[in-house]
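2 protein chains.
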Amino acid sequence: MLHFPINEIKKWDRFYRTNFINSLSGFKSVSLIGTVNKNGQPNLAIFSNIVHIGADPALIGFINRPVEAAPHTLLNIQATGFYSINHIQQNFLQQAHQTSAKYDATVDEFVATGLTAIYEKHSTIPFVAESNIRYLLKLIEVVPIKHNNTFLVLGEVTDVYLTDNILKEDGFIEIEKAGSIASLGIDGYYKCEMIRRLKYAKVDK
Amino acid sequence: MLHFPINEIKKWDRFYRTNFINSLSGFKSVSLIGTVNKNGQPNLAIFSNIVHIGADPALIGFINRPVEAAPHTLLNIQATGFYSINHIQQNFLQQAHQTSAKYDATVDEFVATGLTAIYEKHSTIPFVAESNIRYLLKLIEVVPIKHNNTFLVLGEVTDVYLTDNILKEDGFIEIEKAGSIASLGIDGYYKCEMIRRLKYAKVDK
Chain A
6 MLHFPINEIK KWDRFYRTNF INSLSGFKSV SLIGTVNKNG QPNLAIFSNI
56 VHIGADPALI GFINRPVEAA PHTLLNIQAT GFYSINHIQQ NFLQQAHQTS
106 AKYDATVDEF VATGLTAIYE KHSTIPFVAE SNIRYLLKLI EVVPIKHNNT
156 FLVLGEVTDV YLTDNILKED GFIEIEKAGS IASLGIDGYY KCEMIRRLKY
206 AKVDK
Chain B
6 MLHFPINEIK KWDRFYRTNF INSLSGFKSV SLIGTVNKNG QPNLAIFSNI
56 VHIGADPALI GFINRPVEAA PHTLLNIQAT GFYSINHIQQ NFLQQAHQTS
106 AKYDATVDEF VATGLTAIYE KHSTIPFVAE SNIRYLLKLI EVVPIKHNNT
156 FLVLGEVTDV YLTDNILKED GFIEIEKAGS IASLGIDGYY KCEMIRRLKY
206 AKVDK
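Sequences listed follow chains A and B, in order.
Each residue of the first sequence is one higher than the one before, starting from 6 at the first, in the numbering used here.
Each residue of the second sequence is one higher than the one before, starting from 6 at the first, in the numbering used here.
Chain A with its partners taken away, still in its complex shape (with noise of 0.2 Å):
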C-alpha cells in the first residue's frame, strides 16, 4: 500500500490535493439544484455532496461551500424557503456540469445551458424537465461547520416525482433505471449497475 501522511498532503498542489481528497470519500450523488431568488429569477447549479439524514421525518442535506464562493443556490433558498433537487442523466450531463461556470446572479442556468424549467401547479420553484427523478424540498435549518466555512443545509421533502417503473413493490426505487448517475472527485462521472440487494443482517446469522 502507498502512504500519504496528511503533512504531505498539505505540501501538494492545490488542485492535486483538491482532486485526491475528493476522490477519497467516494462515490457522490450528484443532482442539479433549482431555486429562484425573491423576484422569481431562476438558478439552477450542480451539487455533488448530497446525503442522506432521515427518512421520517424524510430529510435531506447538502453541503454548500463558504458563501464567498457559492452564494446564489443558499441565498435563494433563505429567500424563499424551497428549492427542488434533480437526478442526473447521462444524455444531458454536459449541460448540467456547465451548470457549475460562475454565472452571474442575473443568469439564468436553464438559459444559459440549454436545459428546460418546469413548474408544478403548486409552486414557483424550476424543476429540470429532462430528470425522471426529482423533488421538492422546504428548508429547516442550515447548519454552519464552522471549521470550514461551510453549511449543512437541512431539508425536508414536499413532493416527489418519478418516472414510471422504477419503483419497487417494497418502496426502493431503481434509480439507475431512470438513468440516474453518480460522480467522483471533482469533475468524474459515472453510471452505476446493481451488484444486489442484501437481507438485513443478523446477529446469529
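Hints are computed from structural coordinates only; laboratory data are not their basis.
Here the structure is a predicted model, which means the values were calculated and not measured.
Where hints are given, some of them may not hold.
All copies of an identical chain are treated as equivalent in the list; a pair is satisfied when it fits inside any one copy or across any two copies.
In silico lysine to any residue, SDA-like type, Cα no more than 20 Å apart, as pairs [what the hints assert, rightly or not]:
#1 K182 - M199
#2 K151 - Q83
#3 K182 - Y166
#4 K151 - Q46
#5 K143 - I123
#6 K182 - P62
Please build the complex by placing chain B on the supplied structure of chain A, with the hints as guidance.
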C-alpha cells in the same frame, strides 16, 4: 411522472417509506468505520452517509443515527478521538453488510464477520486489511442535527493508504479500479463505471 406528496408518503408503512426516502437522495459512498473503545475493544460498522466537506483542511463527514440506535462507533470516536474509514469491494461485501447487525458492544465485528483487522505503526485504530483504500481521521466536531437527533461527525484526514495503480497524475483516485462500490437505499450495492471526466466549466464556453 408519478407524484407523491409528503402527506401521502407519511401514511406509508415504515419500511416502504424508509426504502423510498433512502433511495431518493441518490448513490452513496459506503464504507466500513473502524474504532476502538477506551479499553482497546475493536468495533467495525458499515456507514453509507459519508460526505466530502472540504479539501483544505481535508475534512470528511458522516451522518450518525440517534445515539440510542447506533451508539458504539460514535462513543468510541469520542473516547479516542480517531477512526478509520475503509472502502468496500465486492469480494467482501457480504461481510461488510453483516457488520450492520446489532452486535453487543463486547463483540468484535472483525471476528464476528471474518474481516481482518490491521494496525499501522503509529495508531491503535483498526483498519480493514481487505480494503484497497483506507484512511485515518481525527475527530474535529460532532455537529448535532436537532431536527431528528442525528449527528454530522466531522473528521480531518491524517493518513491515507492506497493500493497501487489507482492514483492518476493529477491526484484523482480511480476508486473503481480498486473495486470500491457504492450503495443505494438501505440494502442496495452497486459497481460503478466511469462515463468521463469533464473539463472545468467556464461561463463563455
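To see whether the hints hold, each was checked on the structure:
1. K182 - M199: Both: 10 Å inside a chain and 17 Å across chains, each within 20 Å.
2. K151 - Q83: Cα proximity of K151 and Q83: in one copy and across copies (19 Å, 19 Å).
3. K182 - Y166: within (15 Å within a copy, 34 Å between copies)
4. K151 - Q46: neither (30 Å within a copy, 32 Å between copies)
5. K143 - I123: within (18 Å within a copy, 44 Å between copies)
6. K182 - P62: neither (26 Å within a copy, 37 Å between copies)
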